[in-house]
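Asker: Here is what each chain is made of, one letter per residue.
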Amino acid sequence: MIDKIGIEQFMILSTLMFFIGVYGFLVRKNLITMLMSVELILNAVNINFVAFNKFYYPQNLQGHFFAMFVIAIAATEVAVAIAIIISLYRKIRTIDVEEVDEMKY
Amino acid sequence: MEVVLFYILAGMILIFSVLTVTSRRILRAAVYLLFVLIAAAGLFFVLQFEFLAAVQLTLYAGGIIVLIIFSIMLTSHVSEKLEAPGIKKTAFALIACAAGAIVTISTILNYDFPAYSGGNVDASMKAIGTSLLGYKENGFALPFEVISLLLLAAMLGAIIIAKRKEN
Chain A
0 MIDKIGIEQF
10 MILSTLMFFI
20 GVYGFLVRKN
30 LITMLMSVEL
40 ILNAVNINFV
50 AFNKFYYPQN
60 LQGHFFAMFV
70 IAIAATEVAV
80 AIAIIISLYR
90 KIRTIDVEEV
100 DEMKY
Chain B
0 MEVVLFYILA
10 GMILIFSVLT
20 VTSRRILRAA
30 VYLLFVLIAA
40 AGLFFVLQFE
50 FLAAVQLTLY
60 AGGIIVLIIF
70 SIMLTSHVSE
80 KLEAPGIKKT
90 AFALIACAAG
100 AIVTISTILN
110 YDFPAYSGGN
120 VDASMKAIGT
130 SLLGYKENGF
140 ALPFEVISLL
150 LLAAMLGAII
160 IAKRKEN
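If you read the sequences in order, they're chains A and B. Heads up, the first sequence is in numbering that gives the first Met the number 0, so the first residue is 0 and it goes up one at a time. Heads up, the second sequence is in numbering that gives the first Met the number 0, so the first residue is 0 and it goes up one at a time.
It is possible that some hints are incorrect.
As the list claims (entries may be wrong) - Distance condition first, Cα-Cα at most 30 Å in a straight line; then the derived DSBU-like pairs of lysine-lysine:
#1 B/Lys88 / A/Lys28
#2 B/Lys80 / A/Lys28
#3 A/Lys90 / B/Lys164
#4 B/Lys125 / A/Lys3
#5 B/Lys162 / A/Lys28
#6 A/Lys90 / B/Lys88
#7 A/Lys90 / B/Lys162
#8 B/Lys80 / A/Lys90
#9 B/Lys125 / B/Lys135
#10 B/Lys80 / B/Lys162
#11 A/Lys90 / A/Lys28
#12 B/Lys164 / A/Lys28
#13 A/Lys28 / B/Lys87
Derived from the structure by calculation, the hints contain no laboratory data.
With the hints as constraints, model all of the structure from the sequences given.
Answerer: Now the structure itself:
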């Protein structure tokens with residue numbers, strides 16, 4: 000059963016996934032790959048919410064709904080970010096973060 | 000059974016996450032991300048949150064990944080390779096992430112979590128529906144409405160930003 004796994008394993012898994020996402024966010028230069036790293040981070044948080052809901056608060060569905068709202072916000076974030084990326088590409092023909100400095104000075 | 004399944008899914012998540020952030024072909028990175036999201040949905044199935052797993056599969060694996068792949072197709076050549084990050088940058092990012100992960104994991108291992116309470120979660124469609132639209136205790140009617148407004152605003156914003164400017 001599920002109690003043989005233990006909440007520590009879930010938390011270690013989501014910690015590792017979170018920091019892999021942070022690593023990707025730091026080293027990548029392409030805007031779309033940075034967006035994918037953010038998705039990894041959000042998913043790691045979802046796993047934590049759901050595991051806590053299952054292990055300690057089974058009478059309510061609070062963690063479940065938090066994870067659902069995180070998914071909805073991730074969807075809106077991706078939609079707006081991709082709209083920005085496409086309009087940026089149309090304007091300056093690149094999506095490399097080091098070359099996008101239109102509004103810098 | 001569940002233990003074996005958990006370890007398989009956790010291994011899948013970790014391996015494909017690393018591949019997502021290190022792969023130099025951008026389309027492959029997107030497909031690896033798809034596998035990560037599917038494995039996370041599998042974890043939700045193991046935890047018996049069937050509805051959340053279905054939402055994860057349709058919205059994340061079905062919607063967001065397709066959107067990302069579309070934007071990859073629109074902005075870069077499929078066969079093009081990303082340039083590798085510099086050694087200095089990789090080293091600093093690795094040190095920062097390893098330090099963060101070590102601090103967090105040591106905190107988790109030292110914290111004395113209470114034992115599993117053993118209750119079963121009622122994640123049936125009926126319970127989810129009553130809770131999502133309830134306005135009494137444990138109801139989520141207000142956040143539900145706010146999220147719907149946010150979705151509408153994001154949809155309008157995305158259309159306006161991506162629209163071709165006429166000049």
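Asker: Does each hint fit the structure? Answer for all of them.
Answerer: Here is how each hint holds up against the structure:
1. Under the criterion of a C-alpha separation no larger than 30 Å, the hint pairing B/Lys88 with A/Lys28 is consistent with the structure, at around 11 Å.
2. Pair hint B/Lys80 plus A/Lys28 holds up; C-alpha atoms about 13 Å apart against a cutoff of 30 Å.
3. For a cut-off of 30 Å, the pair hint linking A/Lys90 to B/Lys164 stands: about 10 Å separates their Cα positions.
4. Straight-line distance between C-alpha atoms of B/Lys125 and A/Lys3 comes to about 29 Å, which keeps the hinted pair within the 30 Å bound.
5. In summary, the hint linking B/Lys162 to A/Lys28 is supported, as the alpha carbons are separated by about 25 Å, within the 30 Å threshold.
6. Of the supplied pair hints, the one linking A/Lys90 and B/Lys88 holds, its CA atoms being roughly 29 Å apart against a limit of 30 Å.
7. A C-alpha spacing of about 12 Å is found between A/Lys90 and B/Lys162, which places the hinted pair at or below 30 Å, so the restraint holds.
8. With a C-alpha separation of about 22 Å, the suggested pair B/Lys80 and A/Lys90 falls inside the 30 Å cut-off, and the hint holds.
9. For a cut-off of 30 Å, the pair hint linking B/Lys125 to B/Lys135 stands: about 16 Å separates their Cα positions.
10. Note on B/Lys80 and B/Lys162: the hinted pairing holds, with a Cα-Cα distance of about 29 Å set against a maximum of 30 Å.
11. Restraint check: the Cα-Cα separation between A/Lys90 and A/Lys28 comes to about 18 Å, which is no more than 30 Å; the hinted pair holds.
12. For the proposed pair B/Lys164 and A/Lys28, the alpha carbon gap of about 27 Å is at most 30 Å, so the pair holds.
13. Restraint check for A/Lys28 and B/Lys87: the C-alpha separation of about 14 Å stays at or below 30 Å, so the hint holds.
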